Structure formats: structure tokens, C-alpha cells
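Trainee: If you want the building blocks of each chain, they are given just below.
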Amino acid sequence: MVVYISEFSKYIIAVLMVLYTYESFAVFRYDNESRRNGIYTRQNILMFAFHFICFLVICFETGDITYLLFYAFQQIILYAAVVLCKMLYPKSNRLVMNNMCMLLSVGFVILTRLDMNKAVKQFVIVTGSLVAALIIPFFVHKFKFLKNLKWIYGMVGIGALSVVMILGQTTYGSKLSYSIAGITFQPSEFVKILFVFFVASALYDAAGFFEVFTTAVVAAAHVITLVISKDLGSALIFFIAYVLMVFVATRNYFYLLAGISGGAAAAYIAYQVFAHVQVRVQAWKDPWSVIDSAGYQITQSLFGISSGGWFGLGLCQGTPGSIPFVEADFIFSAIAEELGLLFAICLILVCVSSFMMFMIIAASLQDGFYRLVTFGLGITYIFQVFLTIGGGTKFIPLTGVTLPLISYGGSSVLTTLVMFAIVEGMHIIQEEEKEQLRKSLRKRKKRTAYIQRTIEDQEEAEYRDADPAGDGFEEEE
Amino acid sequence: MQIRQEMGLKRKNRTERIKIKKNKEILGVMWVFTLLFLCMSGYITAYSVTHKQELINNSYNGRQQILIAQNSRGRIFSADGQVLARTGEDEEGKEKREYPYQNLFSHVVGYASNGRMGVEAQANYYLIQSNAPLSQKAALDVRGEKYPGDDVYTTLQVDLQQVASNALGIYQGAVIVTEPSTGRILAMVSKPDFNPEEIADIWEELIEDKESSILLNRATQGLYPPGSTFKIVTALEYMRENPDTWQNYSYNCTGSIQRGEDRIQCYHGSVHGGVGFERSFAKSCNTSFANIGLSLDRKAFADTLDQLLFGRELPVVFPAGISRVEVGEETSDSDMMQISIGQGTTSITPLELNMITCAIANGGVLAEPYLIDSVQSSSGNTIKAFSPENYGKLMEEGEADALKELMRQVVETGTASRLKDLSYTAAGKTGSAEYGTVKGESHAWFTGFAPVEDPEVCVTIIIEGAGAGGDYAVPIAKRIFDAYFGV
Numbered sequence: 003m004v005v006y007i008s009e010f011s012k013y014i015i016a017v018l019m020v021l022y023t024y025e026s027f028a029v030f031r032y033d034n035e036s037r038r039n040g041i042y043t044r045q046n047i048l049m050f051a052f053h054f055i056c057f058l059v060i061c062f063e064t065g066d067i068t069y070l071l072f073y074a075f076q077q078i079i080l081y082a083a084v085v086l087c088k089m090l091y092p093k094s095n096r097l098v099m100n101n102m103c104m105l106l107s108v109g110f111v112i113l114t115r116l117d118m119n120k121a122v123k124q125f126v127i128v129t130g131s132l133v134a135a136l137i138i139p140f141f142v143h144k145f146k147f148l149k150n151l152k153w154i155y156g157m158v159g160i161g162a163l164s165v166v167m168i169l170g171q172t173t174y175g176s177k178l179s180y181s182i183a184g185i186t187f188q189p190s191e192f193v194k195i196l197f198v199f200f201v202a203s204a205l206y207d208a209a210g211f212f213e214v215f216t217t218a219v220v221a222a223a224h225v226i227t228l229v230i231s232k233d234l235g236s237a238l239i240f241f242i243a244y245v246l247m248v249f250v251a252t253r254n255y256f257y258l259l260a261g262i263s264g265g266a267a268a269a270y271i272a273y274q275v276f277a278h279v280q281v282r283v284q285a286w287k288d289p290w291s292v293i294d295s296a297g298y299q300i301t302q303s304l305f306g307i308s309s310g311g312w313f314g315l316g317l318c319q320g321t322p323g324s325i326p327f328v329e330a331d332f333i334f335s336a337i338a339e340e341l342g343l344l345f346a347i348c349l350i351l352v353c354v355s356s357f358m359m360f361m362i363i364a365a366s367l368q369d370g371f372y373r374l375v376t377f378g379l380g381i382t383y384i385f386q387v388f389l390t391i392g393g394g395t396k397f398i399p400l401t402g403v404t405l406p407l408i409s410y411g412g413s414s415v416l417t418t419l420v421m422f423a424i425v426e427g428m429h430i431i432q433e434e435e436k437e438q439l440r441k442s443l444r445k446r447k448k449r450t451a452y453i454q455r456t457i458e459d460q461e462e463a464e465y466r467d468a469d470p471a472g473d474g475f476e477e478e479e
Numbered sequence: 092m093q094i095r096q097e098m099g100l101k102r103k104n105r106t107e108r109i110k111i112k113k114n115k116e117i118l119g120v121m122w123v124f125t126l127l128f129l130c131m132s133g134y135i136t137a138y139s140v141t142h143k144q145e146l147i148n149n150s151y152n153g154r155q156q157i158l159i160a161q162n163s164r165g166r167i168f169s170a171d172g173q174v175l176a177r178t179g180e181d182e183e184g185k186e187k188r189e190y191p192y193q194n195l196f197s198h199v200v201g202y203a204s205n206g207r208m209g210v211e212a213q214a215n216y217y218l219i220q221s222n223a224p225l226s227q228k229a230a231l232d233v234r235g236e237k238y239p240g241d242d243v244y245t246t247l248q249v250d251l252q253q254v255a256s257n258a259l260g261i262y263q264g265a266v267i268v269t270e271p272s273t274g275r276i277l278a279m280v281s282k283p284d285f286n287p288e289e290i291a292d293i294w295e296e297l298i299e300d301k302e303s304s305i306l307l308n309r310a311t312q313g314l315y316p317p318g319s320t321f322k323i324v325t326a327l328e329y330m331r332e333n334p335d336t337w338q339n340y341s342y343n344c345t346g347s348i349q350r351g352e353d354r355i356q357c358y359h360g361s362v363h364g365g366v367g368f369e370r371s372f373a374k375s376c377n378t379s380f381a382n383i384g385l386s387l388d389r390k391a392f393a394d395t396l397d398q399l400l401f402g403r404e405l406p407v408v409f410p411a412g413i414s415r416v417e418v419g420e421e422t423s424d425s426d427m428m429q430i431s432i433g434q435g436t437t438s439i440t441p442l443e444l445n446m447i448t449c450a451i452a453n454g455g456v457l458a459e460p461y462l463i464d465s466v467q468s469s470s471g472n473t474i475k476a477f478s479p480e481n482y483g484k485l486m487e488e489g490e491a492d493a494l495k496e497l498m499r500q501v502v503e504t505g506t507a508s509r510l511k512d513l514s515y516t517a518a519g520k521t522g523s524a525e526y527g528t529v530k531g532e533s534h535a536w537f538t539g540f541a542p543v544e545d546p547e548v549c550v551t552i553i554i555e556g557a558g559a560g561g562d563y564a565v566p567i568a569k570r571i572f573d574a575y576f577g578v
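Those protein sequences? They're chains B and F, same order as listed.
The first sequence begins at 3 in this note's numbering and counts up by one.
The second sequence begins at 92 in this note's numbering and counts up by one.
So here's chain F without its partners, still in its complex pose (with noise of 0.2 Å):
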């Protein structure tokens, strides 16, 4: 230890302080140490606030029990502020869920007992808390009563699931509506479907039924072959490899197309003659776009597969599932032809061809699609509200731009000339999507919004077995275009 005195130094005071020169090493010690703990706790407060929902709504997490006991559960309303889902009383004074539109929700809204799905599950943590005020905590402690839990208000607008679900009518299948500037999903059905407070009496026939697939929430989970509707991406795939040239394609459709010994044909025997790129696509002209993909770079294909989230789990925070297409260097021709058409191993959400649809209409950029819009104590505070989120871009402006001005000639020209010449605009594709060995039968498509200049809704429609998507989809998605704008 060395000493530095400090020379002629002028004292102001006569009090005598001194300052010891301290160990280095053992100081050096002390900041290591103390940012360590500094480290640590910014890594607690962050794991337990960026974890508090999913620990809560583990099973092993007691805690839930005891805000279930605690507070009853909150009602579930819709964007117009219907109830959807309540709380009320059996006749022996037991607590029982409500839900007044019976089958109308049945996934979406979900159940929450034997399990939970649909928005009861994924607002679960919000239903079981209170924020209601002390004051009435405090009245509803002497009465010896449980605390409301807080309410949860979607995006789910009561007349378009109505008009979707009548128009989807005996049929099985899926639509979703969006908004494809925000993500807000506005009505969601699965058909078939259910009633929910009978949910506790049906699970076990449902259970030991293996078969039955009436629990599966076909607009996010189900898996479905996209036919013609793929000719979107087969499309954008064909117009990013001939930035210049696309406009100047032409073909000779005779209706059909023949690689070794595999054969496409274009849908019911048509032959379609001379078709541009547009007419191919407007007539959805199968022997065209098979001819397209057998043109593709399969490398760059998939590139594009991916950007467009086949393969990978969509950014929403509900269960969906995976689309997939199985593109890669070793593709085989004929294999390409299938999956220009949306057919072969292909296979995809409803969910995911609307999140696709909404990128086009919004200029390329996805809004990830949401349900709960805001959570409020049972007085009407805002607890938490939730804004649109960009997920990012799928495509460029002007790639969607062009698909926007492709998917208005189906309308206008092609296999949804149902939509032509209305009070408002709209734009789409539609698909016939073949299934299972029996030649003929298909799944009929549509995906679509309106207006086109400025879009406000998007619909994707799925009728399993019905036929053409042109016959069957298209005067549903005019429905729910027409209840939309109150025509």
C-alpha cells in the first residue's frame, strides 16, 4: 500500500476525515458479485411476468384452483356486446357455464368443463381473476359470495356467425371472417357442431367415438386439400420467377396435360383453348398451372412456401395446425403438376388460406388474426385491451397488388361470377378440391374479401363434399359479403 499525502493542503475545517485507499481486488469482487445479483433479478422479474399466464393455466399450479373457488367465472361477450358465455345457477343453487346461442359458439367460444377449448381456454387466466372493485369485494365477502370474475369481450360479431352458420346449413365444413387490416376475426364456425352446456353428457359418447371429429374446430385445425385456391401461390410463385414477362404468358389448354404417365386434367372435362396467365387463373384452368409448375424453380418454391407459413406454426395464440407441401430439389414432375393445382400431399387450414387472403387484400402485410379485444372487471374497467399486431410481410405491395387484380377477374370473368355487378366489389378464388380415391367428389372453396379498393372483410369458406366452389362456396361468401355491408 502506497500513501499519497497530499502536500500543502488547506484545511476549511478543523474536523479530521480520512479517506482510506481500499483494496482493489476485494472492491473488483464486489461489483462482480453485484452485478450478478443485478442480473438475477432482472431475470426473475422478467421469466415471472412474461410467464404469469402460461404457470397459471398449468395443471400443476394449485394457485388455480383457488381463484376458481374464489371468484366465479367471467361472462364471455361478443364484439356488440352480447352475452356469449355466463355463469349462472342450476336449480339446486350449483354453479352451471350458460351459453345463450346454444350450438351458434359451440367452438369458438368453447366449453369449460371436461377440459377447456375455444376462448374459454385461452382467456381462461382472465375469467378467473377479479378486479372488481374493494368496495363491492368487500359487500359480497359479508353476503359470503364468490367475486365476479373479470369479462372478456371478443371480436365475434353475433349476425355474421349467424348468417355464416345458417348458410353453411347440414353441410360440414369451416368459415372464417376477418378483417384483413387488423386481424380481428369476426366470426368463426365449424360445422358440425355442438351445444356446449350439454358438453358434460355427450363427452363420453364423444370420447369413445374415435371417429367423431365434431370437437375439432375445422376453421384452425382442420386439414384440408386447397385445390384451385393454391393456384394463389402457385401465381405469386410463377409471377416472382418472371418479374417482366408473366403478363406475356400464354398456353393452349386442350384439357389436358400428360408427363409420363401421369395425366391432369382440367375440372369436369372442360377445355378452356387459348388462355393468358390471367384467364388461367380467372377460368382456374388446371392444365395451364400444372404447365406453370412443371416451369418452376423448386428451390425458390419452397422459399416462398415458407414465407408463406406452410410448415410452420401460424403466429395466433389458439391452437391451429400445420399446412403443409412437400416441396424440395428431388420433386418429381409429376408431383409438381399435382401441387400446382393444390392437390397431391398438400394440405392446409381455412385458417391459414384466410391469413393468406388477408395479406393480399392489406397490400402484403398480415395482421395476425385475434379474438379477445379487450378484458374488463365486472364494473366495465379495462383490465387489459389488446391492439392488431403486424405479423410482417408475406409479400410485396405490388405482388399483392397483382394477385388483388387476379382474384377481381375470378369475379368478373371467371369461377365466381356470382359476385359480379353488386352494390359493392369483390375479389377472390375458388377451388374444387378432389379428396379421398372416389374421382369426382370435392371439397368445394372460396377465399375472397370485399371492396376491392379498399378492403374491409375477408371470408374463407370450406363445404366438405359438396361440389365446385364456384356452385356451392361463392353464394355463401355473398351472404355474409351481403349481411357485412346490409345489403
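Just chain B, with the same shape it has in the complex (with noise of 0.2 Å):
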């Protein structure tokens, strides 16, 4: 019975994930979130559906039914946070928080099977998350002031980073956290927040050299401070966020390619002077001719998932926990070699879809300012997700920072909710601004009308260069 269930489970599983899969990429056919909303609707079945079967084989593989308890609570949460949001936010983007959501729930179950105590614990923290993240679409929403606070931004960024230089616990030769009435934090996950924050209040409005060098010394000091605390991930994560909104901010190719040039060479730097940086490259170039040192995670890593083949071995059929920080740092290849490489290239799809609707929202907003913060966050989780999927697939070297929405850890998972929400708010804000859009259009057209009967055809295409109004939009049959 229970090797039925397992077997079959597996493909139904696959195939949920394929269809979720398509279903946001088919939310870019239409422009319009109204017309969206059979597909936001299947796609809410088919992570119920995932959510459920996952659960219900770890019941039948472990015999265990108190796992089914587990799952009612998250079920609801996850149900919750979708429907108050639809209610508190109508103008929402749905694609935003349905793959927020799913994301939530592969988390949820493949750290259920790796551990289950760590699982409670995410759950707690998500719980708690979930509803920090339902109000702050409110704030971002009303708070105009948030342009304007620039230098508490960088600020209160570097004191939190050289915080944990100083003080900070060692985790494993790099220093990440400190503790505070026993919880333990890692403040490089919220200072990303803020550094978005910083740099597109100091770019907004103005991107002149001057603006560019200033906000270049605070960068540079946030990842200056990062690399010492030796956290090489979220310093890169922090120099490619910095790299590219400065780029969008100045529409100045020159920008782009001196940021990468001096990204290079800070690289090559790196690498000569720190011997740790060597071992992390000679790790991704021949991890097995260090296999038992440096090598040791990577190795490990690529055997899970080569042995899950395209449709997995089965949740709790494999042995993740052979890899060392699997629930942080490999999580991706437990899901790979459990759930298969067909779900796995799914799921890394469902983070691009996520992705491009982040730069979509970003790149239709009006106002300077939420357009960068929009774009900014869509870059540090975009990076993010790069630098951890493919350091745990010797694509590149091995940088040791989460997944988003899935990896354990509280501070990362919270950050990511936090920076979802923040879309979410600047969606609705979006929305407002083609509701401005439309009152203005109106007012034009009835203009239009009057001056179409009395000006001959030539001074009407004249009129269209001029472009007398020259609020950036453009009408669409």
C-alpha cells in the first residue's frame, strides 16, 4: 500500500507543480489583473492540492498522524493570508502572494521531513511574519515620508552590519548573527531592506555624479563590512543591487559597466588576499579533489540530486540529511533529490515568474522613487536565489546563503515576507496611478474631441509629437 502511495504520489505531485508552473507564466498573457483571476483561482487549488498529497505521504511513510495536525495549521494560515489579503487590498497583485504562498508550502513540507522541530519553529515565525506583512502594504501605501529618510536608512544599515562585525557570533567562520534575550538574529537579512531603501531615496530624484559617488562611499561600507564579517553572499547580493539601481536611476550604460569592471576587480582582489575566498573557488572548480574537506557539502549536494532522477525518490525516500546545513543552505538539493528534478527546475521557474512580476510592477510605476525600491527588492531576492541554487549545483561557487521562503531561518524568512508585502503595497500604489491615469485621460479626450473638429488633420500629428502633456503614457486600443 504504502509503496503505491509513494510511487504514485510522486508524479502527482510533479505534475501539480508543472501546472502551477505554467499557470504563472499564463498570467503574463494579460495585462490586466481582473483578467486574471480564473487563473489566480486554479493556481490556489493547485497548491492546496501539493500542500495536501505532500503531507499526506509523510503521514503514510513516517506512520505518523500527528503530522496531519501540522498540516490543518499551516493549511489554514496559508488560507488566511490569501483571502485577507484579497479582502484587505483589492488592487493586490494575487500572482505575488499565490507564489508567495506556494513557496511557503514547499518550505513547509520539506522541512517537515528533514526536521520537525525546526519546521514548528518556521511555522511559529511565519505565523507571526504573515501578519506583520498583512499591514504593511497599509504603510508603504500612506507613508509618503519613506522617500525622504535617506540617511537613517544608511545609517542605522551600517550600525546593525558593524554591530555583528564586532560583536557578532561566529557560525562557522563567518559572522552573521547576534543574539538578543535569546533570539537570535541576522541582521545582514533586514539591512538589506533597508539598503533598497537608501540607496533609492539618495537616487530618486536626482542621479548626478555627486549622488552617485556619496551613495557609492555608503555602499561601499556596507559591503566592506560584510566581506571583513566574512558573509560574502550578502555582500555580493548588497554590490548587485547597488550595481544595477544605480543603472536604472541613471539610464547610464557607463554606470553598468564601471559597477561590473569594479565588481571584477574587487573579485580578483578577494580572491588573492583571502585564503577563504580560495577555498571556496577550488571547492567549485574540482570539489572532488577536496572532497573531504571543502568539497565535502558541494559533493554531497550533487549527489542528491542526481540520485532523484526527473520525478524524485519519494518524500522521506532519500537521504538529504547526508549534507551537511541541508535545511538552510542545500535545501534546494533535498527538494531535487525527494521531490525530483522536474519540480526542482519548477520551482527555480515559480521564483523567475515571481521575479518578472516584480520588475513588471516596477517597471510600469510612475513614481521615481517606488520604482527603485520595487526594482531594488526584486533584485537582493532574485540574486539571492541565484547565488544559493547555484552554488548548490556547482554553477558557481558556494556563497552559503538561504532560499527565500524555503530555506530555515527566521530572519531570512521574515525579510523576504517583509520585502513581498512591500511589492504588494507598491502594486496598489501602481493601480492608483492608473486610476490618476484614467481621470486625466478622460479630461484629455473630451480636450481631444474639441480640437479634433477644429484643426485640419496636419496640426493634429504636430499636436501628437509635441506631446503637450508628457505624463508618460500611451492608450491602448
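Any given hint might turn out to be false.
[What the hints assert, rightly or not] Subject to a maximum C-alpha distance of 25 Å in a straight line, what follows is the list of computed DSS-like cross-link-like pairs (lysine-lysine):
| hint | chain 1 | residue 1 | chain 2 | residue 2 |
| --- | --- | --- | --- | --- |
| 1 | F | K237 | F | K475 |
| 2 | F | K143 | B | K287 |
| 3 | F | K475 | B | K448 |
| 4 | F | K187 | B | K441 |
| 5 | B | K149 | F | K112 |
| 6 | B | K441 | F | K113 |
| 7 | F | K113 | B | K436 |
| 8 | B | K441 | B | K93 |
| 9 | B | K93 | B | K448 |
| 10 | B | K88 | F | K110 |
| 11 | B | K445 | F | K112 |
| 12 | F | K228 | B | K447 |
| 13 | F | K112 | B | K436 |
| 14 | B | K144 | B | K88 |
| 15 | B | K93 | F | K113 |
| 16 | B | K149 | F | K237 |
| 17 | F | K237 | B | K146 |
| 18 | F | K187 | F | K228 |
| 19 | B | K436 | F | K143 |
| 20 | B | K93 | F | K112 |
Because the hints were derived from the structure by calculation, they are not lab data.
Values in this document were obtained by computation on a predicted structure and should not be read as measured data.
Starting from the two chains in their separate frames, assemble the complex, guided by the hints.
Mentor: See the structure below:
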């Protein structure tokens, strides 16, 4: 009986995931939220079916019914999040919300399978974070002064990172966290958001050489502090976010080129100077030659990914526990091993779908500050996904960052939920900008009708080129 | 941001839909990252699919132990369906690997405890998987038994293996029998052999005795001086350098040739007198071939040797030795004379000589030798089937045909005359390779194929220290050909 369930469920889980992934890209066929409703409903059904089947399999494999109770709590929380978000914010983007919940449920499933205690801890943190996340869009929307706080963002950010650098606890060679009242924080996670807000508020209204230079100094302070703490993954994320935000704010390819070449030079120097960077690069180039030491994690991760095949070994059938830190840095390998390569690739695509939605919201926003914030958050998110999956699969050297929303880690999941919530707020702002535009368009149309009656065709064309309104909108037929 | 307002636009419905001009830089960055992720997904898929076997066989991979604990190791079959290896139980009910043919397949099928060797090593990945039907797995679950591992069907034929092994008798040496058009290995014998069921008992002894080479598969890993069989290669190079005139070659053999201090003699002091190219080859005249060797362009020779896979890893999935010949611009005349007749520092594996012979039989095209035909689940469903793969051309078809004719003359008028006038036609080349410092001791070689018109089977034989190839190796070839053609 169990053998049938574990065998068939593998294919069902893969199919549900493939369908979900398809829907999360089908969304982009439409430009309007109201026309996407059918897709969103199907996504909700697929994600809840996936979640339920996975827990059913875990129950059968372990013979422990209490897992179903845990599942029920998760299901209530996720369902409440989806429904409340829709109710409280009719103008929210449901793709962002659905993908967020889908990724959370994948995380719950794999964490439960790996380590029940950690899964429960994670669940408590997610529940708290979701409550916070539900309020955030409101604040983002209402607090117009957020764009004026650039020095506060910058100073708090550097301050928090410096405290870790000086006082922090060393976790496996890197200073990442400190504890207050028994709760361990990893400030580099939260500072990511502050940093994005800092760069956005510094560059949104004027992005001349002077502004770029002053923000560069502050950005460099962040990055250097992280490098000294040996948190290379976060340092890279901050760096890439800064370079790309400057590029979008200035629309100047020179800064992009300068940033990338500067980064390459810095990476080369870091490689020459720091032994721990050399070890990482060596373990990436040929992990087999250092399989006993630096290459151990990555080779175990590769064993895991390859042993799954297209449909995986099935939940609770593999040995992802053989990979050190599997629940944080290598959760992707555990997913590939037990749920299969097909599922893992779909998971990557769901992350990409969320990112694309972030970028489209950013690109559509008219307000420079909001645009930059959304863009910066999207980059931090996707680049972190890239670092952790690429690192765990030997695509790039390993940097040891978490897979957002899926990996175990309170700071990480809270930060990512806040990021997603801010983007929801941005989407609401964008919807309102559209609303404004509709009003102004209606007004203008009256004017246009008048002009049409009175002016020759030739002059109409001139009118079009002159662009008297200049507010950047175009009308679609 | 610019606005383009559509003038005179006709609206079909009243709902206002608005398209907003989007920031190009942001969309550009979006596509760059999307592309990056597609590349990464492609890489992950390609890597894990192409490295799957290698990764599971890695000794650091604990997943192998899980499979071993879950499935009982599958069976290994011969091409004709005989069991060559299976998992049984000893008196205490513990799992035990059984080899019904005992010593007969010792090297080629190998063993699976104290490390792994042969097909047991090469097909380990398949043998420890189980693709048994779900219903069977469910039933076994209930009884608390292991799933049956998948079965591996080899290309080996029990009757040919038996004949080859018996013919070699108590001699040390190796025999390989292959199918030239496909590369299927029909038999592979290496002696001395051992009983794989007793490997655990004799292990300590074998490891302690540094001189012992019992575990070495001489057919694939033994490196021997090729002796006169190498004249196939020398002849090919001479034909390449003299495409129009090689047939006009003539030489007067006086039994020896001298260059400076060095002197090459014909085997057992024979004097062949006036010989052409064909007769030099058929009679295996050392003096004439040393003379040919002196005329060769060293650079071109090195290229030909490279093309024939000397000094290179052979295109096979099992472990094989690397044959070597040292020819370069600075090779001395004396060394060239030695090399042309397959002596000196030259060494070759029986497998590689067999591959060259197969390529000649197959019109110049080498089919990669292989041992595993298919993998089937315990219920008989094919999980994976291996088909012949061509490595490529080792020589042109015309060259292969010319060499074929030369090798036919070896049988008709030369050193392999024991294969003459049979119900099938055979072709080949003998060799008596001197080794060590003692003059007169030699390994007996034969490599050849039959029938000449459309070669079906190719054999390569080496008998260590037996004497002349024509006297010792050719009769074994005859017994194998006889068995193959059912004579």
C-alpha cells in the first residue's frame, strides 16, 4: 500500500507543480488583474492540493498522524493569508501572493520531512511574519515620507552590520548573527531592505555624479563590513543591487560597465588576498579533489540532486540528511532529491515568475522612488535565489545564503515576507497611478475631441509629436 | 517619459484599458536574469542526467548503501541466457554472491565484494537498482523481503568462453573474441584465473603477494610487446607513404640486417631470400620489415600510431591499459628497426590489437567494444538497451582491404597455414614476441578474423612464453573459429 502511494504521489506532485508553474507564467498574457482571476483561482487549488498530498505521503511514510494536525495549522494560515490579502487589499497582486504561499508550502513540506522541530519553529515565525506582512502594504501606501529618510536608512544599516562585525557570533567561519534576549538575529537580512530604501531615496530625484558618488561610499561601507564579517553572499547581493539600481536610476550604461568591472577587479583582489575565498573557488572548480574537506558539502549536494531523477525518490525516501546544513543552504538539493528534477526546475521557474512580476510592477511605476525600491527588492530577491541554487549545484562558487521563503531561518523568511509585502504595497500604488491616469485621460479626451473638430489633420500630427501632456502614458486600443 | 496619444481612436467597448509605457532598463535587467536562470536550469538538468552513474558509484555517496540495503543485487546473464552471477543465500541465510561457472568468467564478470571488478563493477549502478513491478514490491514489502535488483545481460557466449579457456589450458595469457561489425565482446579470458566466490578467502593472500598478477585482466590491461603482429601497423604506414609503389617493393633477405652496432635477425635464424611486400608480411620476415622501417617518415608514422590509438585511452567503458610506441623526429635508426618489428619498448594490450584487427575486418571503421547488451527488470522489462556505436575510421577502406589481403596470405602461404583449407576462410597475423633478456623466449600471438569475405568474428590470442605464434596461438584460434562456425 505504502509503496503504491509513494510511487504514484511522485507523479501527481510533479504534475501539480508543472501545472502551477504553467499558470504562473500564463498570468503574463494579460495586462490586467481582473482578467487573471481564473488563473489565480486555479493556482490556489493546485497549491493546496500539492500541500495536502505531500503531507499525506509524509503521514504514510512515517506512520505518524500528528503530521496531519501540523498540516491543518499550516493550511489555515496560508488560506487565511490568501483570503485576507484579497479582502484587505483589493488592488493587491495575487500572483505575488500565490507564489509566496506556494514557496512557503514547499518550504513547510521539505522542512517537516527534514526536521520536525525546525519546521514548527519556522511555522511560528512565518505566522508572525504574515501578520506583520499584512499591515505593511497599508504603511507603504500611506507613509509618503519614506522617501525622505535616506540618511536614517544608511546609518541604521551600517550600524547594524558593524555591531555584528564586532560583537557577532561566529557561525562556521562567518560572523552572521547576534542574540538579544535569547533570539538570534541575522541583521544582514533586514539591512538588505534598508539598503534598497537608502539607494532609492538617495537617487530617485537626482542621479548626477555627486549623488552616485556619495551613495557609492555608503554602499561600499556596507559591502566592506560584510566582507570583513566573511559574509560573502550578502556582500555580493548588496553590491549587485547597488550597481543595478544606479544603472536604472541614471539610465547610464557607463555606470553599469564601471560597476561590473569594479566588481570583477574587487573579486580578483579578494581571491588573491583571502584564503577562504580561494578555498571556495577551489571547491567549485574541482570539488572531487577536496571531497574530504571543502568539497564535501557540494559533492553531497550533487549526489542528492542526481539521485532523484526526473520525479525524485519520493518524500522520506532519500537521504538529504547527508548534506551538511541541508535545511538552510542546500534545501534545493533536498527538494531535487526527493521531489525530483522536474519539480526543482519548476520551483526555479516559480521564483523567476515572482521576479518577473516584481520587475513589471517596477517598470510600470511612475514614481521614481517607488520604482527604484521595487526594482531593488526584486534584484536582491532573485540574486539571492541565484546564489543559493547556483552554489548548491556547482554552477557558481558556493556562498552560503538561504533560499528565500523555503530555507530554514527566521530572519530570512521574515525579511522575504516583508519584501513581498512591500511589493504588494507598490502594486497598490501602481494601480492608483493607473486610476489617476484614467481620470486625466477622460479629461484629455474631451479636449481632443474639441481639437479634432477645429484643427486640420496636419496640425493634429504636430500636436502628437509635441506631446503637450508628457506624462508618459499611452492608450491602448 | 513620452506620451503617444492615439488620435481619432475608435473604441469598441466602453471599458478603459490602459497600457503603460514601461521602463526599458528594468525590463532589460529582467530578461537578463530570466536568461541566466534558464541557463542554470539547463545546466542542472544536463549535469545530473549525464553524471548520474558516476555520482552514484562514488564511494562518498551514501545513497548506494541505501539501494544495497533495499534491493538484492541483480543477476548477470550471458547472451544465451545462462546465469553468470546471482545472489543466493549461505547456510545462515545471509546474502552470498554465486558464480555458477566458477573460474570461467573470473576477470570479465568479476566480483562484487572486496571492491568490485569486471561487469560487477561496470554495471553496479544497474544491479543495485530495482525496477520490479509495483505489485511485486508491495508483496515483498508485506513479507519484509528485499526487492530483486535489475538483471544485466552481457554479450558473452558461454560456449566460446569455454573453448577459449580450455584451449589456453594451463598457459598464462589472454583471449578476446569479438564481433567486428558491432564491437560485441563474445568471449574474454585471462589466465591465471580465480574463483570469484572465494575472493574473500584468497584476498589477503593476493594483496600480500606483490608479484601476483592473478587479479589483472590480461585481455584488457596486460601490456605485451606486440612482436610481428605490429607488422600490420608498419605495413599500413608503408602503404600510406608509398600509395602507388608499395606493391613493387622487393628485398633480399639474408637472415639479418645491420645498422651500426645493431643487428636484426629473422625468427629462428630463417633466411627468406628474395621477398616482395606480400611475402615479407606472410613469412613475417624481420629483416625485410626492419628495412621497411628505416625508410619510414617518423613524423607521419607518429600520426598513424596516434590514429590507431597508441598512447591514448581506448574508447571503452571498462578499465583498459594504454599501449605505447615511442616514435618521434629524434628516433634513431636502431630504434626504428626494433619498432617496425614490434620489439623494443613498444607495448600493446590484446584488446587494442583486437580493435585494430576488427577495424581492418570492418572496412576501416572501428566499432567500440562493449560487454553489456541490456538491462532488464527482474520481470523481464527492458530498462536500458545498449546498441553498437562506431568510434570512427582508423584507416581508409582501401587500406583495410589491402591489409585484409595481406593477412589472408599469412594463412594461405605464410605462418598461419594451420588455418588453410577449412570450411571457412580465415585471415590474420602471427607474432612471436621476444621478452626479457633471455634470447629465444617469446610470447605467441595471433590476431585474425573469419570468414574473409564478410568477417563475423575476430579473435586475438596471446600465450605467455609459449614460443612461436604459428605453432601455439594459431591452433587456439582454429578451435575458437571451429566452435563459432559449428564445425
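Trainee: When the hints from earlier in the document are held up against this structure, which numbers fail?
Mentor: 3, 4, 9, 12, 16, 17 and 19
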